Amino acid sequence: MKKVYLDESGNTGGIAEKNGKFNIGQQDYFVYGGVITDESEEPLLLSQYSQFKLEHESLQDEKNEIKGNDLFKNEEMNNRALEDFISNYLDSRHFYVNIYDKYFYIATELVISILGFEFRDKNLAYFYEMVNSLLKYDGFLQIENLFLKATNINKSDLKERERALRTTLRQFRKLIRQDSQFKFLDSRIKKLIKDNQSISQISNSILYKGAYTQDRKISNLINLTALGELLVQLIKQGRIDENSSIILDPICSIDKVILSELETASLDVRISEGSHVDELIQYADNVVSVIYKSFSNIIKDFKNKGDSWTINTNNIWSLLVFSFVLSKIDCNNIKFTLSIDDWAFCLAIAKLQFGVSALEQNLNINQLVSVITQLLNSSLSEINESFWIEYQNSRNLIINNYNNMNYNILEDLNQLLN
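Taking full-length UniProt numbering, the leading residue of the sequence shown gets 1, the next gets one more, and so forth.
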């Protein structure tokens with residue numbers, strides 16, 4: 001029997017409202033994932049992880065756990081533990097993760113509300129290229145916030161929800177209607193605003209505060225979406241089935257909601273009693289933390305700088321760690337719920353294989369940083385040229401995959417819930 005131990009890292013949960021603002025400005029990314037094992041293999045994985053904890057006992061907290069965040073503290077013993085964990089305790093068989101961008105998710109929800117799931121499923125490349133362009137737009141975050149506010153109005157106040165949704169759509173039109181690449185989207189929004197029936201349907205279907213439960217504190221429960229997507233991928237890959245057991249790290253405020261939403265799934269989903277009981281939850285914590293930290297350290301810089309981003313002496317350590325992680329886990333074991341640009345960035349870093357060279361040269365990360373820093377000083381333009389070539393190749397690959405993909409959201413839901 002397959003068992004999956006899952007945890008999350010980064011700012012997960014709902015997209016809560018505080019003082020009239022939503023937290024996606026501070027909560028861009030998170031990682032959901034963990035450890036996949038056969039019941040027969042579980043004792044070996046536990047033994048291996050116990051060995052890691054024993055070798056780095058000085059990093060254990062009062063609960064005798066090593067937290068993933070501690071591996072990234074800029075101290076020698078923490079660096080050694082990080083390198084040991086990536087080198088000897090990650091592989092391409094026992095792990096699967098979902099890297100998630102909240103901005104991207106909300107953007108897709110907004111555009112799907114306008115165009116519909118059927119349009120997206122039949123025009124995947126066009127749809128995601130459109131979302132990719134919107135995310136670069138100055139002012140689009142404001143549109144996302146307006147959309148979220150519309151979703152968070154009490155469902156009983158239908159007129160107010162519909163009024164807020166129309167306000168969002170009108171502001172959206174103002175933002176994009178001068179741009180020819182969004183001519184089709186603009187025309188659809190214009191028609192939608194005048195269509196009372198469609199506005200009512202959207203208003204009744206989009207997420208809102210308390211949508212999963214009567215608890216009004218729970219809002220846009222995005223880690224439930226990430227969990228569902230992760231389980232669908234594992235089912236599609238044949239790595240889990242109806243006999244598999246899914247063990248989730250407890251998040252007290254939403255545990256009952258998650259179990260309720262997945263009640264009809266054929267999988268055995270349960271909440272762990274805690275990482276002190278299920279030690280592989282600790283393993284999962286370290287995995288998702290290492291991926292989240294290494295990813296978030298560089299992706300925000302790339303997103304901010306765009307075409308002017310370069311590999312340099314300031315970001316080389318973070319880049320090497322991320323490359324190292326990708327080379328060990330393998331990109332086939334990562335679901336990139338990211339914009340086309342961010343996803344291509346990850347694939348390009350993986351293809352450059354800086355991390356693999358650490359293994360081949362038997363160098364630790366800090367030694368490799370020194371070697372590559374010297375290389376950067378002499379061959380900076382060549383290294384960055386190689387990155388941008390790989391980036392463009394990866395971008396083309398993603399778009400081609402979208403063009404060739406036969407996707408149907410209803411099939412995914414049926415696989416998970418029937």
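Hints may contain errors.
For lysine to aspartate or glutamate, the following EDC-like pairs were computed, each having C-alpha atoms within a straight-line distance of at most 16 Å [claimed, not checked]: (1) Lys159 - Glu129; (2) Lys351 - Asp330; (3) Lys303 - Asp341; (4) Lys136 - Asp28; (5) Lys300 - Asp28; (6) Lys183 - Glu129; (7) Lys351 - Glu385; (8) Lys136 - Asp341.
If you anchor each label on the Cβ, the simulated ranges turn out as follows [unchecked claim]: (9) Ser58 - Ile251: 27 to 35 Å; (10) Asn196 - Lys67: 51 to 59 Å; (11) Gln48 - Ser245: 18 to 26 Å.
It is worth saying that the hints were derived from the structure and are not from the lab.
Remember, predicted model here, so these are calculated numbers, not experimental data.
C-beta: ideal position from N, C-alpha, C; glycine also.
Tested hints:
1. Lys159 - Glu129: Distance ~33 Å between Lys159 and Glu129 Cα, so the pair is violated.
2. Lys351 - Asp330: holds (11 Å)
3. Lys303 - Asp341: Distance of about 8 Å is within 16 Å: holds.
4. Lys136 - Asp28: holds (14 Å)
5. Lys300 - Asp28: Holds: Lys300 and Asp28 sit about 9 Å apart, inside 16 Å.
6. Lys183 - Glu129: holds (14 Å)
7. Lys351 - Glu385: holds (13 Å)
8. Lys136 - Asp341: Status holds; Cα separation ~10 Å.
9. Ser58 - Ile251: 27 to 35 Å: Holds: the Cβ-Cβ distance is about 29 Å, inside 27 to 35 Å.
10. Asn196 - Lys67: 51 to 59 Å: Given about 52 Å between the Cβ atoms, the range holds.
11. Gln48 - Ser245: 18 to 26 Å: holds (20 Å)
Checked against the numbered hints above, the structure breaks only hint 1 and satisfies the rest.
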